[in-house]
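Q: First to last, the protein sequences are chains A and B.
The numbering used here applies: residue 405 is where the first sequence begins, and numbers increase by one.
The numbering used here applies: residue 405 is where the second sequence begins, and numbers increase by one.
By construction, these hints were calculated from the structure, which means they are not laboratory data.
Just so we're clear, the structure is a prediction, and the values are computed from it rather than from any experiment.
Any given hint might turn out to be false.
Because identical chains cannot be distinguished in the list, a pair is counted as satisfied if it fits within a single copy or across any two copies.
[Unchecked claim] With a Cα cut of at most 27 Å, we get these calculated BS3-like pairs of lysine-lysine:
1) 601 with 713
2) 504 with 469
3) 504 with 463
4) 463 with 713
5) 518 with 637
6) 524 with 504
Number of protein chains: 2
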Amino acid sequence: MSILITGVAGFVGVNVAQALLAKGLRVCGVDNLSRGTRKNMSKLLKNPNFEFKKLDITKPNALLKACQQFSQQEAITECWHLAANSDIPAGVTNAAVDLKDTFMTTYHTLEVMKQLGITKLAFASSSAIYGDHGSTAIVEDIGPLLPISNYGAMKLASEAAISAAAESFLTHTWIFRFPNVIGVPATHGVMLDFVHKLQKTTGCLQVLGNGTQQKGYLHVEELVDAMLWIRDKASEKRAIYNIGPADEGVTVKFIAEETVRVAQPTARIEYGQGNRGWVGDVPRFVYSIEKLKKLGWAPKLGSIQAVQKAIRQIVAQEQT
Amino acid sequence: MSILITGVAGFVGVNVAQALLAKGLRVCGVDNLSRGTRKNMSKLLKNPNFEFKKLDITKPNALLKACQQFSQQEAITECWHLAANSDIPAGVTNAAVDLKDTFMTTYHTLEVMKQLGITKLAFASSSAIYGDHGSTAIVEDIGPLLPISNYGAMKLASEAAISAAAESFLTHTWIFRFPNVIGVPATHGVMLDFVHKLQKTTGCLQVLGNGTQQKGYLHVEELVDAMLWIRDKASEKRAIYNIGPADEGVTVKFIAEETVRVAQPTARIEYGQGNRGWVGDVPRFVYSIEKLKKLGWAPKLGSIQAVQKAIRQIVAQEQT
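The following block holds chain A by itself, in its conformation from the complex (with noise of 0.2 Å):
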């Protein structure tokens, strides 16, 4: 059986397949690395059973001819579409770039996968889809899902088409909505950035906001665990979960605290104003977990853990 990865070359991605290659499965990655990298793939590339493709997704036919060159070997049953734009602020300011990344990508993996008669899909969806539900628990069937920025726009209408797709041709859809997913190989986000940060201006960390924007953090390799869970547990055709961890998470404050005793323990912090980073930002959300808990997964890690474990991780990375 061989599987196949859309955005394999991302921070997700990457875990994914390293995770479906140690089940014994052949994974197929496509990646236009435009924000994944051939380093990330460092160890999967030396993996008999991965093949890799260079492609963008929305090129007509590009990943047709990939699949169907794929399938000569074995033929792919089963698709993990994860190829988005993970540039959340990139998106507010310039929509077409979620519309490209994020919305084209899952429109054009539906047609192929339409094409060749793939009818399992595992899709990466997002926390953002929900918009801003203030301190009301969000539940996966909460309504109504106003998104805030193009980037969860644009994940709620990817859903929206393989919602539509699983009353005409998919069998199995895993549809997982995620908060931030923290951990290595480090692609974007706040500690990575922060880490960037005391490299550039040594002895001060600048944060953008006052530091009490509070979110959860789920480590990838329990984000990646929990997807699989889902995937071999969940009987639903349209199997909707929020993966996330079981806490209200961690202030920006603390993760500046670790990101510093971790990296450069001498270094100050100076914190800005307001607590909402950019426009499309949710600055505060409660995530329920009840229906994952229900079948049987929960995370070992609480946001605190995971973030300290993340930022050790992105500071080993960033001093290879």
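Based on the hints, put chain B in the right spot on chain A.
A: Just chain B now, with coordinates in the frame of chain A:
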């Protein structure tokens, strides 16, 4: 004050344009005339406060240029985005239809509005965004949203893009979710189909399905009345309202019998099998308009009267 209407030559577009002109507003309309027609606009085109330009919104710069021309006389301050595919089965067969006509029209309209500083948007959404909720009453904030047609998916995708735009540059958004709307100028739908079938095969009306499929129907005159009511009364930044009849609707059998009664009383009716006409059609749903009633609007006609009125109008339309 000038108002832009996309899809102005379609069924809903013509009726909205007439209502806005009746309020003394200047209306600038665009349409690609793929489903809408100049004949539909015959009354509008005689009105000096109405301007029309044939164009495809999804062609680069076409809408931008037209809006710049329209604005030379008087600035456009508001847009009613009604352009969309109206042939739901066509979009089920080929996802590209709803991608282009239902979603990309929204995306490009938003881009042009952003460029020209038009900050008020009324959008014709659909009950199809909800998917199948069985016997649960469909209120505006129900979840999950799992559309089963590409039409519903691309309407939901449009709502998502509008929601994100409301966070960045739109000041007012009115999202109208309506189910089956009937009346004239009829361009598609079950009643027009029945009238055409009777013209083609005199003496016999063949019905797709067993006739037990039940739906609520709203007359277009009431739809327009409700939309203008919401535009004037709703205060939320993202004002989302179901619009529909206050009852559970009528069966296809009732519509068939009424059409025969008006158009060809001697014809017999032959029914098919099953209660679902085509993939992507939700067989029966309970549509709540409680939110709209709280805003002070309720339909005057029930589904029965709306259907009877529309059939008389459509039979008359097809005789001229």
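Q: Does each hint fit the structure? Answer for all of them.
A: Against the structure, the hints come out as follows:
1. 601 with 713: Close inside one copy (19 Å), not across copies (69 Å); limit 27 Å.
2. 504 with 469: For residue 504 and residue 469, both the intra-copy (20 Å) and inter-copy (24 Å) Cα distances are at most 27 Å.
3. 504 with 463: Classified as both; 10 Å inside a copy, 16 Å across copies.
4. 463 with 713: neither (38 Å within a copy, 49 Å between copies)
5. 518 with 637: Close inside one copy (25 Å), not across copies (45 Å); limit 27 Å.
6. 524 with 504: Result: close both inside a copy and across copies, 23 Å intra and 25 Å inter.
The structure does not agree with numbered hint 4 stated previously, though it agrees with all others.
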